[in-house]
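4 protein chains.
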Amino acid sequence: NGHSACESGRRKSCWYEEEIEQDLRWCFALNSILHTGASQYQDIALLDTKPFGKALVIDGKLQSTEIDEFIYHESLVHPALLHHPNPKSIFIMGGGEGSTAREILRHKNIDKVIMCDIDEEVVNFCKSYLAVNKEAFCDSRLHLVINDARAELENRGDYFDVIIGDLADPIEGGPCYQLYTKSFYESIVKPRLSDGGIFVTQAGPAGVFSHTEVFSCIYNTLRQVFKYVVPYSAHIPSYADTWGWVMASDSPLTVDAEELDARIKHRINGENRYLDGKTFVSASILSKAVRKTLAKETQVYTEGTARFIYGHGSAHNSNHHP
Amino acid sequence: NGHSACESGRRKSCWYEEEIEQDLRWCFALNSILHTGASQYQDIALLDTKPFGKALVIDGKLQSTEIDEFIYHESLVHPALLHHPNPKSIFIMGGGEGSTAREILRHKNIDKVIMCDIDEEVVNFCKSYLAVNKEAFCDSRLHLVINDARAELENRGDYFDVIIGDLADPIEGGPCYQLYTKSFYESIVKPRLSDGGIFVTQAGPAGVFSHTEVFSCIYNTLRQVFKYVVPYSAHIPSYADTWGWVMASDSPLTVDAEELDARIKHRINGENRYLDGKTFVSASILSKAVRKTLAKETQVYTEGTARFIYGHGSAHNSNHHP
Amino acid sequence: NGHSACESGRRKSCWYEEEIEQDLRWCFALNSILHTGASQYQDIALLDTKPFGKALVIDGKLQSTEIDEFIYHESLVHPALLHHPNPKSIFIMGGGEGSTAREILRHKNIDKVIMCDIDEEVVNFCKSYLAVNKEAFCDSRLHLVINDARAELENRGDYFDVIIGDLADPIEGGPCYQLYTKSFYESIVKPRLSDGGIFVTQAGPAGVFSHTEVFSCIYNTLRQVFKYVVPYSAHIPSYADTWGWVMASDSPLTVDAEELDARIKHRINGENRYLDGKTFVSASILSKAVRKTLAKETQVYTEGTARFIYGHGSAHNSNHHP
Amino acid sequence: NGHSACESGRRKSCWYEEEIEQDLRWCFALNSILHTGASQYQDIALLDTKPFGKALVIDGKLQSTEIDEFIYHESLVHPALLHHPNPKSIFIMGGGEGSTAREILRHKNIDKVIMCDIDEEVVNFCKSYLAVNKEAFCDSRLHLVINDARAELENRGDYFDVIIGDLADPIEGGPCYQLYTKSFYESIVKPRLSDGGIFVTQAGPAGVFSHTEVFSCIYNTLRQVFKYVVPYSAHIPSYADTWGWVMASDSPLTVDAEELDARIKHRINGENRYLDGKTFVSASILSKAVRKTLAKETQVYTEGTARFIYGHGSAHNSNHHP
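Protein chains in written order, with our numbering: chain A, 11 to 332; chain B, 11 to 332; chain C, 11 to 332; chain D, 11 to 332.
Worth double-checking, as some hints may not be accurate.
[Unchecked claim] Computed from the model, here is a short list of chain B residues facing chain A with C-beta under 8 Å:
1. SER23
2. TRP25
3. GLU27
4. GLU28
5. SER42
6. ILE43
7. VAL67
8. GLY70
9. VAL235
[Claimed, not checked] Just the calculated beta-carbon pair ranges, DEER-fashion:
10. B:ALA48 with D:ASP149: 56 to 64 Å
11. C:ALA48 with D:ARG166: 54 to 62 Å
12. B:PRO201 with C:ASP266: 39 to 47 Å
13. A:THR46 with D:ALA272: 53 to 61 Å
Since the hints were derived computationally from the structure, they do not count as laboratory data. In this text, all values refer to a predicted model and were calculated from it rather than measured experimentally. All C-beta atoms in this analysis are idealised placements derived from N, C-alpha and C, irrespective of residue type, glycine included.
Starting from the given sequences, assemble the full structure and let the hints guide the process.
Right, dumping it as structure tokens:
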């Protein structure tokens, strides 16, 4: 019809609004509110947004969106698995959304994936509604455990080639703080890594300013515990920020871009949309201001200290409520 | 649980936003987007809002909400029917939502209601989704006609005790402008009123400032055509404004509060939630500024003139697209 | 130039946003933020808004706007002064904005106005920036007292023809709750009224739904203390609601529209923009739902009870912090 | 005082809102609106925002903010100047804000900077209000020309070591489209570069999705004209996106991180906040999806073709209106 794009009738009138910080908002036009639910721990919603497609929101915080979750999940999973010579068993702390498991299961050499999330309702919600992860949830190599990740790791006797932290950011008093401390890494995580094992964790915002919130401190805490620590980052459009991850091991983490590309080709089913050798090289060369903060960071997460963060991370893939 | 009311997770994150004017917005927190659709004329949506319950939105403009539509529809329908000594046949121009018919059909003496709306899809949408009007849509006294109200009135040979205008506001170039002109009232509406018949129309915003948009001019136009003209108004919370209606006839419109209450009691099934004798008396005594404008208004809607309005009215119960 | 009105560059980009309720927002496009300040009690700002002109905001709550504050202040002041046969001395509880004093001082027969506001900084802010009240603040009949209104009334020995409550709504634990209780009215206010004296107070939102928040209870509380009590209301566009006031006295409050108009003409300098005889008659005939609630209201504000309200009223003309 | 952080009175109530795209909004809490003005070409405002400090807004589009403009301007200026063996004369197309000149003038070997912006009022506005650029505007090496950049370059007889495009994005029908075409680069820009000269331009959004808007096409257009073309990008928090630049020359652009750091140390006064050798290396290794699009891009900007972009870029440092 003859309606022009700027007619008032065509203005977007339903919006999802997120307070990234108290004085900063990020708003997506909505097509619909697909599903809403609540667990004993948190509220959960699946929205259909115009700019980012389906969006998973937990306790009013965006977790991931259909169109760009591949950036987060490929960055979380593949660098650690590719730096390991032959990863077979993986433990995910959190990850109830299923996307982390999905990326792991694309690796042909994987035998066993433990996904340990505390919130059964959130897992069931994602299993029901996130079509993109349907296959992963049904994969026989995936073992879903509903438990506190700390308790689960403490009580298991087996070892893992890669342990992945897909948890909400460490906020003092927050649900996941205890899963980012030096003592947790030292006495719970490291003992469960097999020889040459690698630990990787999401590490909160890593932008030119936002990296001081938790990223530098997670990095510094891991540096106290592991010999080799590699921080890296990527811009995630739906988060309106650059995000960070930290990979750590007692074995050297030195695989160059060509070898990464070769391993991707041989080990991973299907094609990565975000990560390849050059992308990881770029992602792991941090910009000047971030490198400076990381080099000078002295704070370590212990049971008694924490830094605050406002926003995404506060419930990011939240799975743990001690 | 222990969550306090001001946790970020508890902030409302999905909103319906309406531009009442270009520089004035009105936003309702959303529970869900229940249904959306489109006709050849307009987009339509049924939202579930926190402050006002279910809300019908056409082309990005709020039409009515579950919790306060009774104010608009009781005010539109009952004064005219109660001022008529014995109304039996009613013609609604527009009214596809069904609420106007519902209020009319509560009058025991009604034999026949013609609802003439141009947009079949909107009527079907409301029939399907507005539970509160289900019964009215099934009432055997209701005759639904999908047609242009002007053409329908021109071609019919029967007469009506009350004709009701439940149309979008008169905007030059808008879909309903021609249904508010002096010539339309004189040569189409008046000839179809039976003896003692009454015409009533919604008449746009009638607030201390907003009454100059179309209310005063609708009033003045009707004053050129009918001997007795009664403007009245009521504040409608979901419109964030006071709304206006104008009732007109060639017979005197003088029924006092007590007699109105008596007629309500005898003629109407169920109890009115908004309108009674005193409410109408108050509604028909306009405030100083509005009375002054109405007294001095000289503009008349003819085929060649119009005033602009931004907002609600531009698609209010929009039914007519010549 | 050739830019059309809907070019993105012409969209309004600075906004004032008010949460009327937790799930309802009201947003005005901004021209500028004229002044901001803070007292020991509250934050204060003077904004220049597109839809309503200059707007006074205290603690994030709209107090009054340039284009429609006359509705609130004429409604608060004139009915009480006009119902009194010859008011000479007036006491304002609160009113630091100065507009209430300005309206009182338009009455030629006034000898003395005491304005008692607890917040000197707010008074000074308004004195400096609200040009429309400059003259009133300089009027020699006006006596400004910085004090708690309760303490001031208790300690004074003089009597007043009219006492006006221009205070924030009664919220349990709020700054003004104690200035709305039965015991305050009985033992502090009434003893300071001269023979035939009238008390009037703003009484919070009075819309079809919102009148249950505090309006009905203020009415019922005054009904316990005074023989004659008249509630009335008016729609205030910038509040996005109908507002209420209650007038109370031990002398009858019966002046008809004609006599009100005559008194306005003889007693008041300049012309009222909102209030005249008919406007007051309409304002004091409440609609059915409101009348019903008021008739059935049983709650009385005492030191131990209160009702909650969210929004405007919570800081409306806030002046009292016991 | 005892107010808690989540009291409604402490909510942010004044906001700057930008539509990044039609269905995506980005909102900053406001402290104040410092200055507003208008030129014959555009509206201009200087805001004081809570999250990003002072923000320059032209025609409703954010241009730069106090806290992160160094990312944009260091990225625009330093790579090209550092890759040149000894740059002495620079031509800026646009750049009226003054920050581009400021960064250039930090290079000790610079003799002459021509800043050619078409909008004198915008230049004067920035000269008056952007304290951070005061010194640059007064530097005797800076020559300000108010003219169309194309006309100015065409008519000058001198040559430049570096030409910098600090212009709004190429939108068909937009003010700057003609300054991004193959013929403009070939017949106007290249002839004015001295031997070994380098051209660099801002190149619009370069995010995982947004790089297809104009970045890939600017890259491909320059690839038709110059032998060596280096695209690079950086996340700019206030833009809520990753931004792109393209550097082009007929001499090789191969300076490694160590040499860049050495040149920074020797040539630039003061310390860079964003750019150093490693940062540039990372910035110039694009991620997989972006590299793929660039490699496959076939479109070239000619007088007859263009791509559309919505948002920042549409007025970014807009200076040219043919």
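Quick rundown of the hints versus the structure:
1. SER23: Holds - the Cβ of B:SER23 comes within 8 Å of chain A, reaching about 5 Å at its closest.
2. TRP25: Holds - the Cβ of B:TRP25 comes within 8 Å of chain A, reaching about 5 Å at its closest.
3. GLU27: This interface hint holds because 6 Å falls under the 8 Å limit.
4. GLU28: Holds - the Cβ of B:GLU28 comes within 8 Å of chain A, reaching about 6 Å at its closest.
5. SER42: holds (5 Å)
6. ILE43: holds (5 Å)
7. VAL67: holds (7 Å)
8. GLY70: holds (5 Å)
9. VAL235: Violated: closest Cβ of chain A sits about 31 Å from B:VAL235, beyond 8 Å.
10. B:ALA48 with D:ASP149: 56 to 64 Å: Once the Cβ atoms are compared, 59 Å apart, the range 56 to 64 Å for D:ASP149 and B:ALA48 holds.
11. C:ALA48 with D:ARG166: 54 to 62 Å: 55 Å Cβ-Cβ, so the 54 to 62 Å window holds.
12. B:PRO201 with C:ASP266: 39 to 47 Å: Distance hint for B:PRO201, C:ASP266 holds at roughly 42 Å.
13. A:THR46 with D:ALA272: 53 to 61 Å: 58 Å Cβ-Cβ, so the 53 to 61 Å window holds.
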